[in-house]
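Asks: Given next are the chains, with one letter for each unit.
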Amino acid sequence: MREQTTAYVAHQFDDAEQQQVASTLGMWVFLVTEIMFFGGLFLAYIVYRHEYFEAFRAASHELDVSLGSFNTVVLLTSSLTMALAVHGAQVSRRGMVVVCLILTMILGTTFLGVKAYEYWHKWHEHLVPGPGFVFHGPDPHNAQLFFSLYFAMTGLHALHMVIGIALLAILTLRAGQGMFNRLYYTPVEVSGLYWHFVDLVWIFLFPLLYLLGRH
Amino acid sequence: MTSRTHAHEPLPVGTCVVIYLVLLALTAVTVGAAYLDLSFFNTPIALTIASTKALLVMLFFMELRHSPRLTWVFIGTGIFWFVVLVSATMSDVISRGWLGVPGK
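Top line first, the protein sequences correspond to chains A and B. Count the first sequence with this note's numbering and you get residues 1 to 215, in order. Count the second sequence with this note's numbering and you get residues 1 to 104, in order.
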């Protein structure tokens, strides 16, 4: 057992435990910088929503709650399949890892497809900020602020998903080669942390953007 | 020597599915609550549900329950930073009109 375990340990670490703890802590440090990254946008949203509440409320009505809810379910399901992929690696079931990673990628792509349709729809309705912006509700000038934040926040989120799907594609190939087992599955685990983080961001984006003043 | 990589049992599939179903239920609750007029309370309720969902994802899917306390400290600093950012900024934004500008 010792021999098998140490085979995966890089020379700077004492043992597999230290290596695993260092890897996950490093990933969490990156995710904390991601909180700061998205945090600035969330702050901008909070400030402008406070200043121009009626404009934000009216603009939020233009978003499609059913598509947003559907995408929330898709992303939560992808988090489940990602958690199952990590589980599969932890119990050395290669087939389970590969299938779950592929399902996660399909769900992630579905999310992006719906998002692309929503963007196209907003473009079609002249709700993209800029010279072509037309808004018939109150305070169209500040409604543009809402849509600027909507595109910036969901766009940055979508970019993270594209990167996540690329990571999972590489991971799927490596999992297929049998690179991960119960003794070494750190890449699956830290990619899972990243994927769940992207889900966390959406968990807050969905109510703030789609459900604002829906009543 | 036991490797840290299997120092704790993997999250059981059943637990994953239960957490997933709770997350779906909370999503339904937050969408439903958004259509009720709760005046001031709509946003706090939506944010409480979102925070609960985030906590479930972190504790179970991200296995924070079994993470070293050092990891908790790092995440805590990130959240603390965000709270400072928002509270410091909003204390300015909200109170800006309270006092007149001298000499104006």
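Heads up, some of the hints might be wrong.
As the list claims (entries may be wrong) - A few chain B residues that don't get close to chain A, going by computed Cβ distances all over 10 angstroms:
1. P10
2. A50
3. I75
4. V86
5. W98
Stated by the list, open to error - Pair by pair, the computed Cβ-Cβ distance ranges are:
6. I94/B to V91/A: 28 to 36 angstroms
7. L64/B to G155/A: 25 to 33 angstroms
8. A166/A to P44/B: 31 to 39 angstroms
Unchecked claim - One-sided excerpt, in silico: chain A residues whose CB lies under 8 angstroms from chain B:
9. S23
10. L25
11. L41
12. L43
13. I46
14. H61
15. V74
16. L76
17. S79
18. L84
19. Q90
20. Y117
21. G137
22. D199
Treat the hints as calculated values from the structure; they're not laboratory data. Just so it is clear, CB atoms sit at the ideal spot from N, CA and C, and this is done for glycine as well.
Asks: Give me the numbers of the hints this structure contradicts, sorted from smallest to largest.
Replies: 1, 2, 3, 4, 6, 9, 11, 14, 15, 20, 21
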